[in-house]
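**Student:** Below are the chains, spelled out letter by letter.
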Amino acid sequence: MTSPNESVLLAVRDLTVHHGQLKALSGVSLRVAEGEVYAIIGANGAGKTTLMRTIAGLHSPTAGTVLFEGRDVTGLRPEKRAAAGIVMVPEGRRLFPSLTLEENLKVGAAYARKVRGTSGGPWTIERVYETFPFMKDRRAQKTAQMSGGEQQQVAIGRALVANPRVLLLDELSLGLAPVIVQRIYDTLPQILESGITVLLVEQDVSQARRVATHLQCLLEGHTTLEGEPGDFTSGQVEAAYFGSTGPGGRPPVLPGRGPDQTTLSDPLKTGEL
Amino acid sequence: MGWVNAIIQGILTGGLYALFACGLSLMFGVMRVVNLAHGDLATVAGYIGVGLIAATRIPFLWAVPIVVVIMAVVGYVLQRTLIQAALRRGELTTLIVTFGLSMVIENGLLQFFTANSRGLGVNESIATASFSIGSSIQVAWLDVIIFLLAVVVLLGLQYYLSSTKYGRLIRAVADDREAAQLSGADYRHVFGVAAAIAFATVALAGMAYGMTTTIDPTSGTDTILLFAFAAVVIGGLGSLWGTLAGGIVLGVAQQIGAQLNLSYELLAGYLIFLVVLIVRPQGLTTRGSQS
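Chains as they are written, first to last, in this note's numbering: chain A, 1 to 273; chain B, 1001 to 1291.
FYI, nobody ran anything at the bench for these hints, they're computed from the structure.
Predicted model, so just to flag it, every value in this text is computed and none were measured.
Be aware that a few hints might be false.
[Claimed, not checked] Pairwise CB distance ranges, derived in the manner of DEER restraints:
{"hint": "1", "chain 1": "B", "residue 1": "Val1034", "chain 2": "A", "residue 2": "Arg139", "range": "31 to 39 Å"}
{"hint": "2", "chain 1": "B", "residue 1": "Ala1085", "chain 2": "A", "residue 2": "Ser194", "range": "40 to 48 Å"}
{"hint": "3", "chain 1": "B", "residue 1": "Glu1091", "chain 2": "A", "residue 2": "Leu174", "range": "23 to 31 Å"}
{"hint": "4", "chain 1": "A", "residue 1": "Lys136", "chain 2": "B", "residue 2": "Ala1129", "range": "53 to 61 Å"}
{"hint": "5", "chain 1": "B", "residue 1": "Thr1213", "chain 2": "A", "residue 2": "Leu174", "range": "53 to 61 Å"}
{"hint": "6", "chain 1": "A", "residue 1": "Ser98", "chain 2": "B", "residue 2": "Ile1058", "range": "37 to 45 Å"}
{"hint": "7", "chain 1": "A", "residue 1": "Glu130", "chain 2": "B", "residue 2": "Ile1058", "range": "56 to 64 Å"}
{"hint": "8", "chain 1": "A", "residue 1": "Gln141", "chain 2": "B", "residue 2": "Lys1165", "range": "18 to 26 Å"}
{"hint": "9", "chain 1": "A", "residue 1": "Lys114", "chain 2": "B", "residue 2": "Ile1126", "range": "49 to 57 Å"}
[Claimed, not checked] Non-contacting residues of chain B with respect to chain A, defined by C-beta distances greater than 12 Å in every case (computed):
{"hint": "10", "residue": "Arg1057"}
{"hint": "11", "residue": "Val1173"}
{"hint": "12", "residue": "Tyr1270"}
[Said to hold, decoys possible] Straight-line Cα separation of at most 27 Å, BS3-like style, residue types lysine-lysine; simulated pairs:
{"hint": "13", "chain 1": "A", "residue 1": "Lys136", "chain 2": "A", "residue 2": "Lys106"}
{"hint": "14", "chain 1": "B", "residue 1": "Lys1165", "chain 2": "A", "residue 2": "Lys114"}
{"hint": "15", "chain 1": "B", "residue 1": "Lys1165", "chain 2": "A", "residue 2": "Lys23"}
We put the CB at the ideal spot given by N, CA and C, even for glycine.
Looking at chain B on its own, in the form it has when it is part of the complex (with noise of 0.2 Å):
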């Protein structure tokens, strides 16, 4: 039962990967910015949750949307002033402002929260729960609750995207932003409000972070942002649905590894990603030579 067992685990592990790799994946494919500080936003939002709480003793739950709506707030304002002065100097350029921010945040975590690694302390049941399945496979009820998460959230990226008046508007904005110029858009808002949403998911996956296991000021870049970039890669850049099954090939590969060997498990998930990168670089469910 143990392959069955890992399979579970990684498709569930998948989600939360999932829920990593789609903001980095939003902010890529409408404005072409590769956020290297992606990884330490959502450290932060984990952050903020865990200050939240403990300072106002308000349940876990409502500390979500709090955190949500601050952080997409931080989004819209990065965007509106840093990565938008950095986009008009060249796309490159967007790389290296968004790997000082990463500096400073890391560090600046550093200094203010010390190296000691926190969890989000949710006290609720459910974060310890988990039923079995037969004897021997035991799914926490966390990690459903996390997949089920990531899915809403990609399900509702989807709508919103290909459904919505503004969704359209961020279509066409990421298409070609100076003929959405001359058809009234003010494109620097939609980019706006596009990192807003991206921000938004960010502080999602850093909660949900936050309550799997512990935060320090380095698992943003360590962890998170490794396996968001991998997710994506895997499973197609611009694709919402690749990046959900990027994130599950990866879960599902580590858990694979650590079933052969408990050290194994950070290898295999990376060996699947060079594979893809040499055997289909365009990912798995993107068509080739898209432009």
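Only chain A is shown next, with the shape it has when bound in the complex (with noise of 0.2 Å):
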């Protein structure tokens, strides 16, 4: 659907990240595309939080950068990346439990993001009102009061309200019941077509492959797989995604666009799960 040569929004170059003496990323690059739906799959610590933390400033990587609109932002704080553009949704949605859901939002627009020529940018509380039925009513009562699937809504409407370049979505799916999964992931063509380009972190594998226009799978810090979904058999991601070896006996590492085409350090390791 992509090709290289589309403008790249959001890229990551060789990124290493420590927490105290644990590397949690080691060398992991990344290109997204304007428009894209850009998945990062992979086990539990394997570092896909910590990618998307750092892409949001929330961790100070030890190497690498990461550029936005072709500016290099590593050296920005959170606030500011939020400012120019760079919104997450993170893992475990992060209400503000003491204010009520329109509140919640609130907050999101209170920072956002200028768009040149116009009053605003596409996403207003109301649109987000309109885009998630239940809120309208239920927009005087306290998030935490509310179910996870609704909490989850909230979470991606404050982020919407920033009217975000690139928006990253961690975990979305941790802990909802998957027709409430799949109820949230029907609202990804509509933020698409707002002009909204999106990073995402998923664990459930099948669903990443139906939603991405691009599937990176990350193994103990380290890059594993990337390309179109289509370009992988579920054998080739799952081998990936685990960490066993490939009927060759080699590792899975399977040709796709990027920069990075990094191997398994220990294609005997198996992943945690």
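Two independent chains are provided; combine them into the complex using the hints.
**Tutor:** Spelled out as structure tokens, the structure:
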């Protein structure tokens, strides 16, 4: 669907991140083109969330750069990145529990990105209410009293009213029933249509393959697979996910777009899970 | 009539205690900082008032807003430098840092102003005027004014936090500063603004205290900080109206203690404080099991 020549909105180059002594990411790169749904998959502890948090500015990398709209934002504080157009829906939703639903959205809109030549961006609180119909009647309610699925939708709404250029969705489906997850993913086309590019992290591989235009698999901080979802068989994705060896005894590194073709450090290692 | 008098005086004193306490409560509620220099900063505000009036001969009522603004600026700067640096190293570090600040302030005041106590020297007749209820109860206008000031300050804080855009941001940052950052808020600046507001109330508390009695370099820790802590604990942390309730309970307990025997005044206040800690550690107005 996308070619390397298309305009790259967000690029990560050779990112290495440590948590204390632990190396969470080693030399991960990615290029997200405008309008894409770029999915990062991987098992627990693969470094997916660390990658997202580093892109959002909550972790400082030991090495590597984050480029946004061609600009190096590696040293930028998270609030500055949000104002520039990188907005994340964090893992665990992280709503403000003592605020009402509408107040949560208002905080999200407080520092919304200014879109040149217009009075505001495409996303307003009203539009969020239209997209997620349950919200309007319950806008005065504290979010702590809502179900996990509802909270997740509020978290997405809070990010949307900031009018991001790229929306980072970290583990949307965590702890939610499949039917709820499906309902949330059903809003994805609307988000894309408004000109927002999506970078998401998903543990559920089949879900990720369904929605993604580009797929990248992490294993223990390394990229093990990268390309368009149609390029791979389920077996190949599974091998990249769990780190088992491919048919020829070689690590399952597969061709794809992008600058990095990291190989597995130890093909015999198996994933956790 | 002695008991009725004790209760009325206690309620009015409670307003002053609530004024002591609301800045402490706000700092803890928003940034989880227990500011042990809280009382000394109120004393500093009192001394700034004394110095300002002595140097410029401006009327007392003019001095109040000037001291409030000075303390608000001090609050913002202290938060963005010393307290923020301590917060980065963990919440417990702020205890040590503000304790150190308290000692520095106390000894600095001793050095420059000696241990002699001073009053704010208000000449206005309102400072000594009183009215009587019935035949035996005398109520000082000053106490009534300070009580009303406390109510107005608490109402204003309540309104600001619940109904303004920036107040909402302060609550959001208090809930989850990382999530607030992801929404584009610089939590360090929000903390600075919250500290400025807290220090403005500290300035009012220090000036009010300097009017009702005299201040000396140790009154910050000996009186203001302890009463503020007691009022906050009795009323319940993080609740502004609880702070007023706590101040009133403390004030009434002290006055009733004094009614029994003058030397029981402080004892009665701390007994109530201990009883609340044992029976209702979450405070009178806060619901239990709040995270």
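**Student:** Next step is simple, just say for each hint if it's right about the structure.
**Tutor:** Each hint, compared with the structure:
1. B:Val1034 / A:Arg139: 31 to 39 Å: Taking Cβ atoms as reference, Val1034 (chain B) and Arg139 (chain A) lie about 35 Å apart, which means the hint holds.
2. B:Ala1085 / A:Ser194: 40 to 48 Å: 42 Å, holds
3. B:Glu1091 / A:Leu174: 23 to 31 Å: 28 Å, holds
4. A:Lys136 / B:Ala1129: 53 to 61 Å: 56 Å, holds
5. B:Thr1213 / A:Leu174: 53 to 61 Å: 58 Å, holds
6. A:Ser98 / B:Ile1058: 37 to 45 Å: Once the Cβ atoms are compared, 42 Å apart, the range 37 to 45 Å for Ile1058 (chain B) and Ser98 (chain A) holds.
7. A:Glu130 / B:Ile1058: 56 to 64 Å: Since the Cβ atoms of Glu130 (chain A) and Ile1058 (chain B) sit about 58 Å apart, the hinted range of 56 to 64 Å holds.
8. A:Gln141 / B:Lys1165: 18 to 26 Å: 20 Å, holds
9. A:Lys114 / B:Ile1126: 49 to 57 Å: Since the Cβ atoms of Lys114 (chain A) and Ile1126 (chain B) sit about 51 Å apart, the hinted range of 49 to 57 Å holds.
10. Arg1057: 45 Å, holds
11. Val1173: 9 Å, violated
12. Tyr1270: 32 Å, holds
13. A:Lys136 / A:Lys106: 14 Å, holds
14. B:Lys1165 / A:Lys114: Holds. Lys1165 (chain B) to Lys114 (chain A) sits at ~18 Å (cutoff 27 Å).
15. B:Lys1165 / A:Lys23: Roughly 41 Å between the alpha carbons, so the hint for Lys1165 (chain B) and Lys23 (chain A) is violated.
Hints 11 and 15 from the earlier list are contradicted by this structure; the remaining hints agree with it.
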